[in-house]
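Based on the provided sequences and hints, a complete structural model is requested.
There are 2 protein chains.
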Amino acid sequence: MRPPVNYTAVEMTAEELEDERVLYGGLADSIRDLADASLRTTVAAEVVSEVRAEVVRLTARLRTEEIPGSFGVSLSSSGHVRGHGNAVVGLRNPVAPPLVIEKSADGRAWSSFELGALYEGPPGMVHGGVAALVLDQLLGEAAAAGGSPGMTGTLNLRYEQNTPLGACSGEAWVDRVEGVKTIVKGELRRADGERTVSAEGIFILPRWAREALEEHRQRPPRFE
Amino acid sequence: MRPPVNYTAVEMTAEELEDERVLYGGLADSIRDLADASLRTTVAAEVVSEVRAEVVRLTARLRTEEIPGSFGVSLSSSGHVRGHGNAVVGLRNPVAPPLVIEKSADGRAWSSFELGALYEGPPGMVHGGVAALVLDQLLGEAAAAGGSPGMTGTLNLRYEQNTPLGACSGEAWVDRVEGVKTIVKGELRRADGERTVSAEGIFILPRWAREALEEHRQRPPRFE
Chain A
1 MRPPVNYTAV
11 EMTAEELEDE
21 RVLYGGLADS
31 IRDLADASLR
41 TTVAAEVVSE
51 VRAEVVRLTA
61 RLRTEEIPGS
71 FGVSLSSSGH
81 VRGHGNAVVG
91 LRNPVAPPLV
101 IEKSADGRAW
111 SSFELGALYE
121 GPPGMVHGGV
131 AALVLDQLLG
141 EAAAAGGSPG
151 MTGTLNLRYE
161 QNTPLGACSG
171 EAWVDRVEGV
181 KTIVKGELRR
191 ADGERTVSAE
201 GIFILPRWAR
211 EALEEHRQRP
221 PRFE
Chain B
1 MRPPVNYTAV
11 EMTAEELEDE
21 RVLYGGLADS
31 IRDLADASLR
41 TTVAAEVVSE
51 VRAEVVRLTA
61 RLRTEEIPGS
71 FGVSLSSSGH
81 VRGHGNAVVG
91 LRNPVAPPLV
101 IEKSADGRAW
111 SSFELGALYE
121 GPPGMVHGGV
131 AALVLDQLLG
141 EAAAAGGSPG
151 MTGTLNLRYE
161 QNTPLGACSG
171 EAWVDRVEGV
181 KTIVKGELRR
191 ADGERTVSAE
201 GIFILPRWAR
211 EALEEHRQRP
221 PRFE
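If you're matching them up, the sequences are chains A and B in order.
Residue numbers 1 to 224, in the working numbering, belong to the letters of the first sequence in order.
Residue numbers 1 to 224, in the working numbering, belong to the letters of the second sequence in order.
Just so you know, the hints here were simulated from the structure itself, not pulled from any lab data.
Please note that the accuracy of each hint is not assured.
Put simply, identical chains are the same to the list, so a pair is met inside one copy or across any two.
[What the hints assert, rightly or not] List time: in silico SDA-like cross-link candidates among lysine to any residue, alpha-carbon distance up to 20 Å: (1) LYS185 x GLY153; (2) LYS181 x ARG63; (3) LYS181 x GLN161; (4) LYS181 x THR196; (5) LYS103 x ARG176; (6) LYS185 x GLU200.
All of these numbers come straight from a predicted model, not from anything done at the bench.
Take a look at the structure:
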């Protein structure tokens, strides 16, 4: 039985994809900034209530026409994977930091990013689970970049020291491939480049997902 | 050397904490809803641009007075831990689902929650890293509920099957305590109650954190 995971196809040129990035990426950026402001504001209660009422009105405007359910992941005719809803890299997702991940065909993925007040766990520190969230994505992208895209099978994290909020970076690399399993390692680093969390994961591409991907493309998927 | 992690003290009555929950929790709920709408909307580009401009204006209103840096974690005079900025449970944090976690003194923590479009990884599915994020918090709260609060030392996750977006639940329990290490297990379940991800973590409370907590309270911390 094929699980209910479906990649959809979308016919979009590189130019249309770029327009989408500017328009919706800009909206997501602004809402992320609003979220940060709402967490840290100390304005009077009346102002908070007024802002909330405006937010409700804006939400209603956006909801007059919308995709049912979730954004999903679509494969463009140019072979790009359009995962704009993704909780880590999705440019349309205000919950995502979002990471811009660079990759190389030898199975490496890396990124520099900012984790601010919205990602706090211990005071002033990145939430341990956010470190896991970011590393899961980096490891998965490294597996894909190395030619073995897959979903997380196992993920083991070792927290070596706290990660202060602010500038961070991360990197992941394919350690080895064993059949349908890709073993990937990675690490999160704080602003001064010192490693704070190390990770190792096994990524597996189930048969149904391989088939779904094959239906829509000729060349290897690029998770972008 | 004590790391730069500081719990602050706050004098607030239970009533004031409740007022804060209603006012700021309400604002965060509305911004989370706006974020979801922004991810799924298909309204015209002009409307998107207008909404964005409004969001920028509202953000400026909230930023006229704000806490510098991050929200932090404060300990109230009643012994409650006020972690409203927390990325998983923080009621003021629009990035947090947020989870409302129940606990028992025998070291169990559990919660039922909704993970919608903002938490997507594979199409229609909860991001593997979001599962890790939620489980890290649940395991940490179970350790704290059992009397051994700590920070994540290691976290091992096993993804047994996909978790569809929507209603989810999770549970964690202290397996055993070995000196300053608390070994906690847990699992994430999909709507029908079937387990999708299992987790095991080691939580450790460093000496400096024990001291910081002792400075502000008489009785065991309740991470709420």
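Status of the hints after comparison with the structure:
no.: 1; hint: LYS185 x GLY153; verdict: both (13 Å within a copy, 18 Å between copies)
no.: 2; hint: LYS181 x ARG63; verdict: neither (41 Å within a copy, 48 Å between copies)
no.: 3; hint: LYS181 x GLN161; verdict: between (29 Å within a copy, 15 Å between copies)
no.: 4; hint: LYS181 x THR196; verdict: between (26 Å within a copy, 19 Å between copies)
no.: 5; hint: LYS103 x ARG176; verdict: within (17 Å within a copy, 41 Å between copies)
no.: 6; hint: LYS185 x GLU200; verdict: both (4 Å within a copy, 19 Å between copies)
Hint violations for this structure: number 2 only, all remaining hints satisfied.
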